[in-house]
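A.B. asks: Okay, here's what each chain looks like letter by letter:
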Amino acid sequence: MQTINFENPIFVTYAIASALLVLKVMGQGWMTVYRMLRSNSGLASPEDLKAGPINRNPDPSQLEVNDYVDRSRRMHRNDLENIPAFWIAGLLFVLANPPLILAQFLIYGFVAARAAHFVAYSTRQTHEVRATFYTIGSLVVIYMALHALFVLLM
Amino acid sequence: MQTINFENPIFVTYAIASALLVLKVMGQGWMTVYRMLRSNSGLASPEDLKAGPINRNPDPSQLEVNDYVDRSRRMHRNDLENIPAFWIAGLLFVLANPPLILAQFLIYGFVAARAAHFVAYSTRQTHEVRATFYTIGSLVVIYMALHALFVLLM
Amino acid sequence: MQTINFENPIFVTYAIASALLVLKVMGQGWMTVYRMLRSNSGLASPEDLKAGPINRNPDPSQLEVNDYVDRSRRMHRNDLENIPAFWIAGLLFVLANPPLILAQFLIYGFVAARAAHFVAYSTRQTHEVRATFYTIGSLVVIYMALHALFVLLM
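Sequence lines, in order, name chains A, B and C. Per this note's numbering: the first sequence = residues 53 to 206. Per this note's numbering: the second sequence = residues 53 to 206. Per this note's numbering: the third sequence = residues 53 to 206.
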């Protein structure tokens, strides 16, 4: 029976990966802010056209969709479609008491796949490259959920 | 005092439902991929117009919004608006030590409501039908959070 | 070593905040529903134009983006970009056994920052005001993840 604490090496693996992925998700928000400020475009709300420290020379075109900023929003959305599911699937997988080496392989594999997806998406690699890393991450999450279900139902 | 492990039947109820919902969320991503490939449209990024195994005959119209593909993205968004909140509300509810029969009713009720919402949305049922299943799922999550808060604050 | 149960005051702090944030996220969905019904616009799917109890006089313009309704959807998206990351970062932070006073300051600070962000966004305050509350919430989540990582890796 596995327990949730920092003395269980399987949980520690999960906790390190989960904390790194928190930084990834929050960092994606800051990448959007950075791109919005740097390009002075891609604003989301009409009131963002009021002049102020963030926007010294407002112009209605700043509300138009801009790939440079919108790409970071799409990457963020892709994170939200995958990472919260990892957080809960990983927790259930840890409680199913898998072999440590399998847990490390899958959990760090997910982190690596999402890091590679970030690089591929932000540098505009082909759809095939981006889809490959998406697939690896997705299969890890699906496997962890199935593994937990199998242990729960057997 | 409830504990988080696979020997606690209330937690097992929650864990089975949560793992099924992981598969639901990840599956929604694959439904979008399937619809994108099948209709050869609804692409998200400009670089997806490069010719390659995924896209043999690129055309700029493939970047336009297409209801067949966008419907799956809206369903995915609706999942993200409801399922992660279920994961945490359910965990807090389990820790509040509810009667097992109540936990089973609410937790499996949420899974059933979301499955019905999936069917209603993908088969284009009326707004009333879709809204009914959304409402049932939403009320379960709200109830679980209020139940936990009540126990925490009493 | 910290445990996850309602007798641990650090976990109780986290659990109260997490349950309140569940209500915030679910409530944002209902704010969108309310605004959609009240303005009779901002519908998301073509089939929502079928006449019925929700929509007595359908008109194609109801599918157009409408700031009154879309603002609530943007607020919801902003929640999804921040609150699930809080749920997991907060859990890892609690397990890292921080001083109770620090946990209360950060965790209730996050709730207050998100409440202020809600008010600022819904009342169309300037981008600077909204960004300030977003930043406070984001820094709390980032700090909690770094704190947990530090304890895990030391």
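Among these hints, one or two may not hold up.
Over 12 Å on every C-beta distance to chain A, these chain B residues come out as not near it, computed from the model [said to hold, decoys possible]:
1. S70
2. K76
3. Q80
4. I194
Derived coverage of chain C by chain A (criterion: at least 3 residues anywhere in the stretch with Cβ under 8 Å from a Cβ of chain A; other residues may be distant) [what the hints assert, rightly or not]:
5. 69 to 78
6. 82 to 96
7. 117 to 126
8. 141 to 155
To be clear, the hints were calculated from the coordinates, so they are not data collected in a lab. No residue lacks a Cβ here, since even glycine has one placed at the ideal position from N, Cα and C.
A.B. asks: Confirm or reject each hint.
C.D. replies: Consistency of the hints with the structure:
1. S70: Contrary to the label, S70 of chain B does not stay out of reach of chain A, its closest Cβ about 6 Å off (not over 12 Å).
2. K76: 9 Å, violated
3. Q80: Label violated. Min Cβ-Cβ 8 Å, cutoff 12 Å.
4. I194: The assertion about I194 of chain B holds, with a minimum of 19 Å to chain A.
5. 69 to 78: violated (count 0)
6. 82 to 96: This one is violated; 0 residues, fewer than the three required, reach chain A with a Cβ under 8 Å.
7. 117 to 126: Since 3 is at least three, the answer is holds.
8. 141 to 155: With 4 residues close enough to chain A, the hint holds.
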